[in-house]
Amino acid sequence: MDITTILFYLVTTVIILSSVSMIIVNNTVHAALLLVLIFFNSAILWLMLQAEFLSIILVLVYVGAVLVLFLFVVMLLDLPKKQKANQKLYLLFSIITSVVMFIELYIVIFYQDFSNSLIAIPLPESNNTYEIGLMLFTDYVFSFEVTAFILLVAIIAAIAINISDKQKALRQDPGKQVLENKSDRLKIIKDDDL
Amino acid sequence: MLSNYFPILLFIIVSAAIGAFPIILSRLINKGKNNNKAKTSAYECGFDSFDDARMKFDIRYYLVAILFIIFDLEIAFLFPWAVALESLGTSGLITMSIFLLVLIIGFIYEWKKGALDWD
Amino acid sequence: MFDFLNNFTSLFTFFNELSILPSTLILILLIMVPLLIVVAYYTYAERKIIASMQGRLGPNVVGPYGLFQPFADGVKLFFKEIIIPVDSNKFLFLLAPVITFTVAFSAWAVIPFDSVMVLSNINAGLLYILALTSLGIYGIIIAGWSSNSKYSLLGAMRSAAQIIAYEIAMGFALVGVIMISGSLNIGDIIHAQKGSMLNWLWVPLFPLFLVYFISGVAETNRAPFDVAEGESELVAGFHVEYSGMGFAIFFIAEYANMILISALTAILFFGGWLSPFNLNSLGGLEINDVVSNILLFFINDGIHWFIIKTLFFMFCFIWFRATFPRYRYDQIMRLGWKILIPITLIWIFVEMLFIYYKVEPWFL
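Residue numbers (this note's numbering), protein chains in the order written: chain H, 1 to 194; chain Y, 1001 to 1119; chain G, 2001 to 2364.
Source of the hints: derived by calculation from the structure; they are not laboratory data. We treat Cβ as the ideally placed atom computed from N, Cα and C, and that holds for glycine. Accuracy of the hints is not assured; some may be wrong.
[Said to hold, decoys possible] With a Cα cut of at most 27 Å, we get these calculated DSS-like pairs of lysine-lysine:
1. G:2090 with G:2080
2. Y:1112 with H:176
3. Y:1039 with G:2080
4. G:2076 with Y:1031
5. Y:1112 with G:2338
6. H:176 with H:187
7. G:2076 with Y:1037
8. Y:1031 with G:2090
9. G:2194 with G:2358
10. G:2080 with Y:1037
11. G:2090 with G:2076
12. Y:1039 with G:2076
13. Y:1037 with G:2090
14. Y:1039 with G:2090
15. Y:1031 with G:2080
16. H:176 with G:2338
17. H:176 with Y:1113
18. G:2338 with Y:1113
[Said to hold, decoys possible] Okay, the calculated beta carbon distance ranges per label pair:
19. H:12 with Y:1028: 26 to 36 Å
20. G:2053 with Y:1025: 35 to 45 Å
21. G:2052 with Y:1114: 39 to 49 Å
22. H:161 with Y:1098: 21 to 31 Å
Make the full structure from the sequences, and use the hints.
In structure tokens:
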């Protein structure tokens, strides 16, 4: 057993354990932090598949941005710590869902013929980021441009949800502040004028 | 390639250990003896705190975080583009100009809607 | 006469050939230990420099000129108790400073100190640094949330929103750098700046350099962007509940982050270990005596240039703190979103034009 195999089993164990405990833990902030651990370990797995660029992007986008949003949401909502929901109902649905998913996975894994599928062999001395850039901006350029519109929709949706048109608090506008002159604000009245 | 990342993994582990070691050692040496309420309560200028400090927050923080994700994704797209720029030539410049212009429209919309204001 | 330096670099390559684990550990400690010493004396330098700027003496009791002050502080903090506030999450409370510390130091794994002195020369070096700096936010959020104090939580949320805003500007500025170097490898980025000081990237990317450094100051929560720990309103922000070693680790991490930002600015915009002089233009120099030998060594590329440049930016951090009044929070957000991000976006388009018209010598 070489070191990469040991690392693989270590990483997958951490992923499985933290996924399970993520569902079990009561505290939502703890759950979000366990998700950080899962993503971090998944990044190591991707790295072991030679996907250098994608694994660091996984950390940058998911851990660095998406989960920060999760943490904000969890903190914003201020959930009561121990919420006794109708646990039996949840249990019923979760058992049904997991049985269905298990059967589906079983069918996919054991009745699918994987022998003919293409296996991507990483080039030994290739620059991952460069290859992705080359592919993304030549062959998949249409999908790339569509992404821009999807992101635009996301921006508009986020603003539509969050911004209400109600009167805002008084605010200083530095752009207007610097345009003020002394003569607008200050009037000197001498004794003679009185 | 993996062999290049091994020192990084080790570096992370070592720096975590160097960070954790003094805290653990200091906890072992300085056992808190006199844990009265005045000592361990959260600092609030001498007043007793009303309730749990984990309160609700302004929705603006949520909005900022969403906008951050979108811009972070933009950066994630810009990185491979900048690396492959030399090989892409002029078509690469046009592609990214369209992408950025679409997102700049979104940015102007944010600006005009006041999503970037903080009051 | 500078054989020992050659020996030192050959020591570096020699260690790589040894069995990998112990040699890597030694290399890591060779980076970490000097860094920790620099952090210690950076705090001392800050107190001394600000003191002279304000016409005071600064620390001058412990040792000659107060030189042992950082160690006295360290020992004192070590023997203080870490008070864990009631209703806080004990584990997370103690974990937060460790996360901040780890993130602050791990980025040094890919920093090249010299043309050969680099621990790990990965292809995606710059991306790795950007990803790591984006993780720094966790230490702050966790510290603020777990200590169950209103000041901590307010400071943490402010700090998080601020870091987020400036990270985008920072990322766009990095894109500008990569557009010229065409590589994420930090060694390649330095090589792309070869020549004299006019070939360094600060000339074509001057606005991006300013944006990057300002964002760096804001990311480290330093003055004038230190509302997260503005004493007058939030006492100490996210680490108000920390005492003893917990506070010390946060403190060390903050200074390590400042050194990292300084080093990165020196690398990305000021050529890292490159010499500011073009050696080819000095071609006719006669080398026969010891003095010109020493002179030539200092003019040549090397780690000393990297250290000098980094020290300059480290000084700027202190200078800012002594000079500028603190920004108001809405002004900080306005600067990040409405000024720095538009500047970087515009400059990316300007760079596209540079590339299209092949402006020499930076765009070939």
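Inset, instruction - Starting from the hint list further up, note which numbers the structure goes against and sort them upward. - result: The structure breaks none of the hints.
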